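Asker: At position 130 of the sequence shown the residue is numbered 130 (UniProt numbering), and the sequence of numbers has no breaks.
Among the hints, erroneous ones may be present.
Lysine-lysine pairs mimicking DSSO-like chemistry, simulated, CA-CA at most 27 angstroms apart [to be verified]: (1) Lys381 / Lys367; (2) Lys388 / Lys550; (3) Lys384 / Lys550; (4) Lys416 / Lys300; (5) Lys187 / Lys381; (6) Lys384 / Lys367.
Label pairs and their in silico Cβ distance ranges [to be verified]: (7) Gln225 / Pro268: 27 to 35 angstroms; (8) Glu408 / Gln483: 52 to 60 angstroms; (9) Thr537 / Gln279: 44 to 52 angstroms; (10) Lys296 / Pro498: 54 to 62 angstroms; (11) Gly256 / Gly597: 46 to 54 angstroms; (12) Gly251 / Gln292: 33 to 41 angstroms.
Think of the hints as simulated: they come from the structure by calculation, not from any bench. Here the structure is a predicted model, which is why all the values come from computation and not from measurement. Even for Gly, the Cβ is constructed at its ideal location relative to N, Cα and C.
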Amino acid sequence: MSRGSPRRQPPGQGQPPPGGQLPPPQQASAAAQRIGGYYGASQPHPPQPYAAASSQQQPQQQQQYPYAARNYPQHVQQPTQQPPPQQQPPLPQQPQPFPYYHQGQTQRGPTHAPPSSQIPQQQQQQQQTSPYRTGPAHLQPSPIRNPYPSMPGGILPTAAATGGIGGMGGMEIPPAYIQPRVGRLPKDRPIVKLSVSLIDTYKEINRVYYREREARRAARQAAAQQQQQQQQASASASASASQPPSQQGPGTQNNGWDDDNFDYILTPNETIQNRYVLQKRIGKGSFGQVVQALDKKTNKEVAIKIIKSKKPFLMQARTEIELLTLLNDNDREDQHNIVRLLTHFMHRNHQCLVFEMLSLNLYELLKNTHFAGVSLNLIRKFAKQILKALSYLSRPDIDVIHCDLKPENILLRHPKRSGIKVIDFGSSCNSSRRMYSYIQSRFYRSPEVMLGLPYSVAIDMWSLGCILVEMHTGEPLFSGTDQFDQMQKIVSILGMVPSNMLDKTDDQHRIHFFEQRQGTWTIKQTADGAPLPPSATPITPSSDPIASLKFVVSKEASQKKAFSQEDSIQTARAYDRFVDLIHRMLAYNPRERITPGQALEHPFITNQDLG
1 MSRGSPRRQP PGQGQPPPGG QLPPPQQASA AAQRIGGYYG ASQPHPPQPY AAASSQQQPQ
61 QQQQYPYAAR NYPQHVQQPT QQPPPQQQPP LPQQPQPFPY YHQGQTQRGP THAPPSSQIP
121 QQQQQQQQTS PYRTGPAHLQ PSPIRNPYPS MPGGILPTAA ATGGIGGMGG MEIPPAYIQP
181 RVGRLPKDRP IVKLSVSLID TYKEINRVYY REREARRAAR QAAAQQQQQQ QQASASASAS
241 ASQPPSQQGP GTQNNGWDDD NFDYILTPNE TIQNRYVLQK RIGKGSFGQV VQALDKKTNK
301 EVAIKIIKSK KPFLMQARTE IELLTLLNDN DREDQHNIVR LLTHFMHRNH QCLVFEMLSL
361 NLYELLKNTH FAGVSLNLIR KFAKQILKAL SYLSRPDIDV IHCDLKPENI LLRHPKRSGI
421 KVIDFGSSCN SSRRMYSYIQ SRFYRSPEVM LGLPYSVAID MWSLGCILVE MHTGEPLFSG
481 TDQFDQMQKI VSILGMVPSN MLDKTDDQHR IHFFEQRQGT WTIKQTADGA PLPPSATPIT
541 PSSDPIASLK FVVSKEASQK KAFSQEDSIQ TARAYDRFVD LIHRMLAYNP RERITPGQAL
601 EHPFITNQDL G
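With the hints as extra help, turn the sequences into a complete structure.
Answerer: In structure tokens form, the structure reads like this:
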């Protein structure tokens with residue numbers, strides 16, 4: 001050939017046989033078929049009988065070659081004579097499989113040429129000295145045009161091997177020379193991503209950004225949750241160090257220990273703190289539950305208040321512990337009728353308060369009388385003890401407002417004795433640290449609280465006046481169905497709220513209960529201001545509160561007949577004393593309301609005649 005560098009032969013191969021003799025035509029035909037298979041020719045070259053290459057030339061024949069061959073010079077494209085097949089360079093013997101060769105690809109030819117030992121020496125010599133290097137098998141492209149420099153010269157990849165290179169259809173190369181594709185796919189090129197696929201690029205950027213941000217957020221949450229769990233576990237372990245290990249409970253909250261309302265699920269005869277054996281539940285409220293338990297250390301029964309495991313209730317319980325500690329420390333002799341807090345601890349994320357065991361509350365006592373009420377004599381004993389407790393709470397060095405005084409929170413010390421104690425300081429506060437604006441149970445709620453005005457220890461005195469009437473009559477004095485109805489019932493017995501209080505009340509609270517008629521404030525007939533139905537009775541403020549109170553107390557008490565005829569205190573004079581005390585306790589203006597110290601000197605309490 002006039003172009004291209006000589007083809008390098010593998011060591012030990014491509015030597016002409018001695019004498020320059022050619023193989024028989026059959027052997028040449030087989031070799032031509034094998035070589036043609038490598039280049040993907042549609043038909044192998046037919047065997048041509050001829051003598052030595054230098055003795056006689058065959059007529060020139062026009063042959064059709066693949067597209068790759070047509071791209072080369074004319075003298076290379078059209079050989080003048082069929083080249084001897086033996087002039088083809090032998091392929092490497094048994095090449096190693098290329099690692100990128102697909103296992104499912106079909107091989108269209110032999111993977112190696114016969115070893116040189118099987119080729120006659122004369123044939124090898126003829127291959128070396130032959131001037132014929134033409135034909136498709138001898139095409140050797142320029143190094144500049146060859147895109148596969150690692151492949152032997154003249155061997156071009158096929159469309160199947162190169163993914164469809166134009167003009168090379170039908171040509172195939174041995175798997176050992178297939179090169180891996182290292183370039184980008186068309187859809188991955190930057191020019192494509194920033195033009196026709198720009199929207200998809202932005203979408204992918206958003207997906208990656210939000211995926212990473214979500215991963216960071218989840219990691220932060222997991223770290224915070226793990227830290228919180230470690231803190232809770234540390235607190236629980238320090239508080240329950242002496243408690244034996246136990247299995248997880250069957251509940252739905254608090255790791256299975258609580259029910260849906262975050263109340264602790266009780267187990268019969270369960271022992272907590274290695275000391276208290278839980279026996280039965282004796283009370284339940286919004287705060288949690290109260291359980292009767294046996295203290296194995298003292299062999300006495302105690303009442304354990306188990307607070308719900310939610311944070312607001314736990315914070316409220318800590319306030320109760322602080323106030324009870326203050327009250328008990330200043331009452332070492334237990335003379336002021338305040339419940340005793342024995343100890344407190346944490347159990348499975350529940351704050352537990354251990355109290356002395358008491359008996360029935362006053363509401364349960366009323367139930368035992370079938371709501372007939374108790375005598376004025378017993379009312380006096382109860383009132384004296386409660387007033388002593390309120391007097392202690394109102395001391396300047398104590399200054400505690402109970403905020404939830406009601407029959408359920410006043411307990412008998414013993415079921416057959418009249419001694420009582422005040423319990424449940426979960427809603428209590430100091431006068432200087434009023435934490436809530438909506439306090440007290442509705443039946444015992446003072447008017448200043450209902451009107452949103454500042455409150456003090458005087459609200460407990462209002463509650464006590466309502467309690468004493470209820471304990472005698474068996475029914476609440478003001479049993480409103482809601483806030484508006486409660487105010488209507490108060491006004492119907494005690495008269496209209498003083499104007500000086502209404503002037504201090506903001507419009508939101510004032511117009512909820514009252515309206516102005518001809519420049520004067522009066523109680524509204526309906527909450528929404530609609531006209532009163534014809535069948536309804538209008539609410540009229542009482543013009544004589546004392547008469548109204550006396551009517552309620554004496555009439556209902558005489559109908560119930562809750563007292564014996566021999567009880568000397570149940571006389572008209574005794575009722576006058578009782579009604580006078582209640583009227584002083586239920587004064588609208590908290591500054592005009594009787595104080596606990598003054599009430600302890602009242603003739604009804606001292607059982608003396610009115611002055």
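Asker: Now look at each hint and say whether the structure bears it out.
Answerer: How the hints compare with the structure:
For a cut-off of 27 angstroms, the pair hint linking Lys381 to Lys367 stands: about 19 angstroms separates their Cα positions. With a CA separation close to 25 angstroms, the supplied pair Lys388 and Lys550 stays within the 27 angstroms bound. As the CA atoms of Lys384 and Lys550 are separated by approximately 21 angstroms, the hinted pair is consistent with the 27 angstroms bound. Of the supplied pair hints, the one linking Lys416 and Lys300 holds, its CA atoms being roughly 19 angstroms apart against a limit of 27 angstroms.
For the hint linking Lys187 to Lys381, the alpha-carbon distance of about 95 angstroms lies beyond 27 angstroms, and the restraint is violated. Distance restraint check for Lys384 and Lys367: the Cα-Cα separation of roughly 22 angstroms lies within the 27 angstroms cut-off, and the hinted pair is therefore satisfied. Here the CB-CB span from Gln225 to Pro268 is close to 34 angstroms, well matched to the stated 27 to 35 angstroms. The hint said 52 to 60 angstroms for the Cβ distance between Glu408 and Gln483, and at roughly 20 angstroms that hint is violated.
Under the hint 44 to 52 angstroms, the C-beta atoms of Thr537 and Gln279, about 51 angstroms apart, fit the expected range. A beta carbon spacing of about 58 angstroms between Lys296 and Pro498 agrees with the range 54 to 62 angstroms that was offered as a hint. Between Gly256 and Gly597 the beta carbon distance is about 52 angstroms. The supplied range of 46 to 54 angstroms therefore holds. Taking the beta carbon of each, Gly251 and Gln292 are about 21 angstroms apart, not inside 33 to 41 angstroms as hinted.
Hints 5, 8, 12 from the list above are not met by this structure, while the remaining hints are.
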